[in-house]
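Number of protein chains: 2
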Amino acid sequence: MASSELPVIALLTAPEEAPPPGLERLDGRAIINHATSREGLIAAISDADILLVTDFRTRIVAEAWPYAKRLQWVHATSAGVDALLFPELIESPIPVTNARGIFDRAIAETVLGMVLMFAKDFRTTIALQQRHEWRHRETQRIQDKHVLVFGAGSIGRQIARMLTAAGMHVEGIASRERSEDQDFAAIHGPEAFYEQLGQADYVVIAAPLTESTRGLFDVKAFKSMANNAKLINIGRGPIVVTQDLIIALRNGDIAAAALDVFEEEPLPSDHPLWEMSNVFISHHMAGDFIGWRSALIHQFADNFERWQAGSALRNIVDKKRGYVPPEGS
Amino acid sequence: MASSELPVIALLTAPEEAPPPGLERLDGRAIINHATSREGLIAAISDADILLVTDFRTRIVAEAWPYAKRLQWVHATSAGVDALLFPELIESPIPVTNARGIFDRAIAETVLGMVLMFAKDFRTTIALQQRHEWRHRETQRIQDKHVLVFGAGSIGRQIARMLTAAGMHVEGIASRERSEDQDFAAIHGPEAFYEQLGQADYVVIAAPLTESTRGLFDVKAFKSMANNAKLINIGRGPIVVTQDLIIALRNGDIAAAALDVFEEEPLPSDHPLWEMSNVFISHHMAGDFIGWRSALIHQFADNFERWQAGSALRNIVDKKRGYVPPEGS
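From first to last, the protein sequence lines stand for chains A and B. Here the first sequence is numbered in this note's numbering, starting from 42 and rising by one per residue. Here the second sequence is numbered in this note's numbering, starting from 42 and rising by one per residue.
In short, the hints are calculated from the structure, not lab data. All residues carry an ideal CB built from backbone N, CA and C; glycine is no exception.
Some chain B residues judged to face chain A by a derived CB distance under 7 Å, without partners named:
no., residue
1, A147
2, T151
3, T166
4, W175
5, E179
6, Q181
7, D329
8, F330
9, I331
Pair ranges (Cβ atoms, derived):
no., chain 1, residue 1, chain 2, residue 2, range
10, A, R66, B, I331, 48 to 58 Å
11, B, H173, A, E65, 35 to 45 Å
12, A, D222, B, T205, 20 to 30 Å
Just chain A, with the same shape it has in the complex (with noise of 0.2 Å):
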């Protein structure tokens, strides 16, 4: 880029969305160009110096990835990397950057309302509203119940921080245990994982998807949990082998899950979960509160300053990993 030229950003949006609000901060200062399709981004990555993806879910990148000439930094504005992380990208030296922190507050404060409503058996009391039937029940509380959170990034931290200022006790998996930590009443390794879901009375995935966390909530994570212990699921979809749990729910392996990621998005109407009622369904939109779409471009274009100051990036991800690692790991 020559130093009178401004800075081109390709910017791949799903079809049919709108540019995100916020990028008018950027007139002036950058050119973008906006593509939501294959083709629109063979076109937008030629020329463009950075590459914004808001399309959490597409693999068009990978396609239109040998386009790209003078590609300097990738920045994804979701948590989760994974549709982006194909092998041209982990190898080449361009960074990958994400929206690590945006979500955390919403999907902590959906997670409480998850285990809350288990608690106090909301979904029966709406049931009988339906039917104008009073029926005085006993429920939880919630008090010293024991949450086990998988991953210990910076939405698995927050998810302890705030069950653990409800009065729950909670520790935490993580790739390599900890002796002492500030958000955990201990953090362990992968070693313990099958152990540690025994003691849980709420399991709450809430780590990336990547090559060791695809799948690990199979038949024999369930068969390890307790019968009464309920799953909540904001991570990624595919950490979980759905019919292994729709299996566990039905034999009462485990007692009631909460999902707000499957394997396949959105999911089917015909698929069997809807019908469950000891299973509770979001749309991916556990941590999407007014404003987020705003917040994510504001968090990018924080970012850009920096790169164009030629400072360091914020939250670069580790490619090999998947994830933005913790500091000094």
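Dock chain B against chain A, hints included.
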């Protein structure tokens, strides 16, 4: 009571209600005469030293009262004692104690669950699941949202602590303004009621039913609230003028309500509240956690031991005010 005799406890429960679990702790230390009707209580109260009432709705005590000859103490296993406080009991020197403290934590958890259910729009999510319909939405964060808790007794304070821990801004209304408080960001007096209602995203009723709270949430109160505000009532039904609430919800004066208590309980099956999509109807169970009945009896038995030892009773209700006053007030 001669020293060689065991004290007699008249136990009044709802009809067909078994004696609560935990009373075996008093085996050999008291005679318990169980009544479930007006006639039964008249027989039981005549030689009772203590009256133990587990039915928080009953007005039978007033009718049996003239038959009490040597009663020294009345204990109610409920937080609210409104139904018990008839004029003859108020004027008598006999102390009334209540179940202050037992329900606090479970009620606060329920209130937090209701707040999160509203903020995360779980009811729409559940309705969509019934239709197998995937629909991504943006939802609210509760962080920094403004809560007004009406009532700063032990339940209101626990609500304030939990909601504050979850990141909300919580102020209270009490019988008088307090300049600094350990649980609330601010406590206002009754004179600030209408003004403070207008500041809140969530208004939580956690007050006892007294002559000053009866009917206080009427058309004027609802007009004072913000159009997007939600009302949560876990106090007592008659604090709200139900007909005014229905009109306010229909007119959009307020956005929604979660109600655990009603002017008439059980809520009649033809009551219009059941059909309102912006109303969540719970069944006077917000504080009734698994184990609550034996927790209530253990609390009574602790007080019984103090009574036998001649120590001061705990949780003595100010019968004129209608609740256990905070220390030093």
